[in-house]
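**Q** The lines below spell out each chain.
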Amino acid sequence: MRIVVLVKYVPDATGERSFAADGTVDRAAADGLLSELDEYAIEQALQIADEGDDVEVVAMTLGPDDAADAIKRSLQMGASAGIHINDEAVHGSDSLATSTVLAAAIAKAEPDLVVCGMASTDGAMGVVPAMIAERLGWPGLTFGATLSVSGDTVSIRRDGDVASQTIEASLPAVVSVTDQSGEARYPSMKGILAAKKKPVQHWALADLGVEPAIVGLAAASSTVLETTPRPPKEAGRIVPDSDGAGSAALVDFLSAGKYI
Amino acid sequence: MAEVLVVVEQLDGVVAKPTFELLTLARRLGDPVAVVLGAGADEAASALGQYGAGTVISVQDPAFEEFLVAPKAEALAQVVQSVQPAAVLLTSTLESKEIAARLAVRVGSGLITDATDVRSDGSTTQTVFAGNWSVTAQVRTGVPVITVKANSTAAEAAPVDAAVRELPVTISEASRTARIIKSEPKKASGRPELTEAAIVVSGGRGTGGDFGPVEALADALGAAVGASRAAVDSGWYPHSYQVGQTGKTVSPQLYIAAGISGAIQHRAGMQTSKAIVAINKDPEAPIFALADLGVVGDLHTVLPAVTAEITARKS
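Heads up: the sequence lines are chains A and B, in that order. Following my numbering, the numbering of the first sequence begins with 1 at its first residue and continues without gaps. Following my numbering, the numbering of the second sequence begins with 1 at its first residue and continues without gaps.
Since the hints were derived computationally from the structure, they do not count as laboratory data. You may find that some hints are simply not true.
Claimed, not checked - Derived lysine-lysine pairs resembling DSS-like cross-links, with alpha carbons at most 27 angstroms apart:
| # | chain 1 | residue 1 | chain 2 | residue 2 |
| --- | --- | --- | --- | --- |
| 1 | A | K258 | B | K314 |
| 2 | B | K17 | B | K274 |
| 3 | A | K197 | A | K108 |
| 4 | A | K258 | B | K17 |
| 5 | B | K187 | B | K17 |
| 6 | B | K186 | B | K17 |
| 7 | A | K196 | A | K108 |
| 8 | A | K233 | B | K281 |
| 9 | A | K258 | B | K274 |
| 10 | B | K274 | A | K233 |
Only a predicted model underlies this, so the values are computations on that prediction, with no experimental measurement involved.
Between the sequences and the hints, there should be enough to build the whole structure, so can you do that?
**A** Written out as structure tokens, the structure is:
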């Protein structure tokens, strides 16, 4: 069985993230790393590999040269191979173009299962897994709190607001998993050393038969008109709670705001 | 005037508040047409008419209940083809965002998610990077598909008579693949829905696992209860109440953070709240930088005292 895990290289959420002049995410402003939410996807794929015979876990990323780090981290965690799709024409692609390229790459890689994180930590739309499923015509099992594969059946438990659902489909399928699915493993020293010898393929749009004209900033189906940093918040009132001063201040605040 | 489709969030004909907010925004773009995917259109019609939906399109198919999302997206694509609207608005829930994503692929449209405002020219405002940036954007390809966060605007009534129209759809085999084999309903908390509530009281690591004081204050204020990821990961409160990057994004009039340090993960889910109050024992907690009022103290002392005072004033 072959599992493709989609991984994204994102600016560190604890750093100073900002936008470039063209309205795209400024990837030079903050250090980059593998999106934390994708680690849960890798973990779930590795658990399937740990339990099954002959399971190959391939980490796939779409991004510039730096995105190789996301593949590297995935290999260190235990993925067996990497695919890095890198093409200048992709810069500024929206979610629709991103899903077009990834769907084409998945079709070429011919996996039985695609596992994604629930969203990236930068764009955070959480729509690419569903778009890929729609484009491939494969079942989409999204926001799984659990993931299991048995024979050619995949199932997830989806922990929704009004119900907890169990969803089942036949492979091949696209799955996304949440941060409820279980803590991701850290790379071991052995894993870090082994990663250096693992194969990484490099694909460009031409390898996928995707026309450069339908991706990138110029082809984006929505356009960013303006980006504005949030004005710094005015310092609020800080009250130490001695002799009930804190609760009194809070009651006054609630009363003044007509919340009570 | 052009018609604007509004996908209705409802249960048994009871319409959720964010749908009225969507209808209010839709009126800036054209004439709102409500779309009910599944049963409930007849029961929901008069409430939808109150907010300006002159037409309620009822779309029903058993596949909506049997399979995950894809059939609803396929049905909505057929509604879009039939109505040729100026835009499609949906609420930013997990399911509706996925419907929007699949719809955008099907009809070749641009997609904007998690908007906090939609203007008459179709441009939107989004809050990104954990609430630290504001982005204005506009769809320029196809029928704009826009999901809007709950509490983004105040719902304003504009009563019209709503006529219900059945629209038949065909669901293909390709959409019938992710089968819902089990669905266990969750017990309702009896409190306001987290993303819709005017006031949210959230608890974190500082509760030590006892959400009693948080719930008591929430009930005294008529508020929803939220929880930080630390509290959820510790098993102290269910995940569906998590506020933050991987949980709910809330934007209430008042957000009270009790025993929550204010990690970026949490701030991403509550930074756009109109007023923020923080109670924490640690004076260095990052949450205080966001707070309009910060109380440095033990929530186990502060919250019960506040709850008692509110209760006393009420009686």
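**Q** None of the hints should be skipped; say for each whether it holds.
**A** Comparing the hints with the structure gives:
Distance check on the hinted pair: A/K258 and B/K314 sit about 13 angstroms apart at the alpha-carbon level, within 27 angstroms; holds. Between B/K17 and B/K274, the direct Cα distance comes to roughly 18 angstroms. Compliance with the 27 angstroms bound is thereby established for this hinted pair. Between A/K197 and A/K108 the CA atoms are separated by roughly 23 angstroms; this keeps the pair inside 27 angstroms, and the hint holds. Under the criterion of a C-alpha separation no larger than 27 angstroms, the hint pairing A/K258 with B/K17 is consistent with the structure, at around 22 angstroms.
This hinted pair checks out: B/K187 and B/K17 have alpha carbons roughly 20 angstroms apart, not beyond 27 angstroms. A distance of roughly 20 angstroms separates the Cα atoms of B/K186 and B/K17; the hinted pair therefore holds under the 27 angstroms criterion. Taken as a hint, the A/K196 and A/K108 pair is honoured in the structure, with Cα atoms around 24 angstroms apart against an allowance of 27 angstroms. Pair hint A/K233 plus B/K281 holds up; C-alpha atoms about 22 angstroms apart against a cutoff of 27 angstroms.
Using a Cα cut-off of 27 angstroms, the hinted pair A/K258 and B/K274 holds, with the two alpha carbons roughly 14 angstroms apart. Our distance criterion of 27 angstroms between C-alpha atoms is met by B/K274 and A/K233, whose separation comes to about 11 angstroms.
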